[in-house]
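Asks: Let chain C serve as the given structure and place chains Z and P on it in line with the hints.
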Amino acid sequence: MNYLYAAYAATWIIHISYLGVLVRRYTRLRHEIEELKKQ
Amino acid sequence: MSRAGSLTLATLAKDLRLEWRSKDAINSMLFFALLVVVIFSFSFDPTAEESRHIAGGLVWVAFLFAAVVALNQTWARELHNQVLDAYRVSPAPANALFLAKALGNFIFVSVLEALMTPLFIVFYNLRALGPAYQLPIVAALGTWALVVNGTFFAAMSLRTRSREIMLPLLLFPISIPALLAMVEATTSILTGEYSAKFWLVLLAAYDVLFTMASLLFFETVLHAE
Amino acid sequence: MKRAFPVLAILTAVLLSYGLYQALVVAPTEQTMGDVQRIFYYHVPSAWTAFILFFVNLVASIVYLASRNPKTDALAVAAAEVGVVFCTVVLVTGPIWARPVWGIWWTWDLRLTLTLVLWLIYVSYLMLRRFSSSGQTPLIAAVLAVFGALDVPLVYFSIWFFRTQHPQPVMGNGGSIDPRMLHALLINWLAFSCFAALVCWSRYRLEVLRREVDETQALEALLEKGVPERGSSR
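Sequence order for the protein chains is C, Z and P. Numbering follows our numbering, with no gaps: position 30 of the first sequence is 104. Numbering follows our numbering, with no gaps: position 20 of the second sequence is 122. Numbering follows our numbering, with no gaps: position 143 of the third sequence is 127.
Derived from the structure by calculation, the hints contain no laboratory data. Everything numeric in this text was worked out from a predicted model, so none of it was measured. Do not take every clue at face value.
[What the hints assert, rightly or not] A few chain P residues facing chain C, derived, Cβ under 10 Å:
| id | residue |
| --- | --- |
| 1 | THR16 |
| 2 | VAL20 |
| 3 | THR72 |
| 4 | VAL73 |
| 5 | ILE80 |
| 6 | TRP103 |
| 7 | LEU166 |
| 8 | THR200 |
| 9 | GLU204 |
By construction, the Cβ of each residue, glycine as well, lies at the ideal position given by its N, Cα and C atoms.
Chain C with its partners taken away, still in its complex shape (with noise of 0.2 Å):
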């Protein structure tokens, strides 16, 4: 059944690492906008 569990396994890794694409483009913009509110 290692298919199973390699299967279920893939569809989690894919959206957890989509959602840690915007994770990481929300914290980039939090910081231009800290630099925006600094001038």
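Replies: Only chains Z and P this time, still in chain C's reference frame:
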């Protein structure tokens, strides 16, 4: 003739004349077409029996590459000389420009195909077992399918980084049904195993649909740049 | 609106857990395929969700073409990206399911091929958005989305006919479906739909925020330089 029609022809004539005088693109593309045929022939060296089954795919992939090279320089001249701006402010219908470009590309790519085909026939010992008269129809419909979307996507790619790679990236996915139809039609005519009728109808439907869509949206895209 | 997000997040987490339980424990084991068949409970809902998201992108693109509302375009981007993520899941779980059951990784099956082509079209859409440096990218992308949508029926018919001429192995779940299996399937679909809505909403908010920041930065740059010179080059 209507104003739009005469404008289309005038633009087309101008493009053909310019191309004939400079022969830049023609020469490089002819050589490219020859190279493609030779390399494909080295890579795939089947027997005459097998070649009939795969020649359809090979030929159309080769034509596709040649078409992309031709399409990439569709708007190059206009960009260099800021002609597009002139078009945007003139009252000329944008569709006339698009049709002229598409027709020019069609003639161009057809010439390339006409030169590549005998080479393929020679290298692969091709002989059509089915109705050979249908082959030019497939060629015309298929080429138009690639050229109409290619000219449109070339316009869409104008203001992108990596413009030259953007065109095939956009063109290939959308062309998949047309490519399948072209290849299958050609294969069925060469092998004579089944009728190409469905594929011809599909190609015709594809051509009509995307010609209309391109004409509908070209104005939008032109002004968007 | 802001209160709804955590509530929906918790609901989604609950649904996803329940869905997982249904898929792995409650649903009966399939006769011919065995436990591997349970991939079905993730594969199919992901496909439905991806198609719904692509449809949302199409509608948003058309509305954008009519209204030129930037918020609509932000929704289009969000739906396209999340749609590609779900579509990737479908294309990965499909072969993983096919290999042990039918012995092959891939076949030019109608649904799988259609999913692949949709994935290709939407990845090209995202590439266009990324590489286009024009201020009118949203407009051009919207036109591409419409072209993609027009293509879909043609893709369907071409593959359908190709398969009648060249018979290929059929990958599917067979005819009738046990009600407990259907229940597990629908629960997972609901769960993934909520999940998709959450992620899409987050992506949308990110996009809107991104644009606000860009505009502010552009304004700052303009104010720093003073009045733009006359006859400035492009």
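Asks: Quick check: which numbered hints come out false for this structure?
Replies: Hints 1, 6 and 7 contradicted; others consistent.
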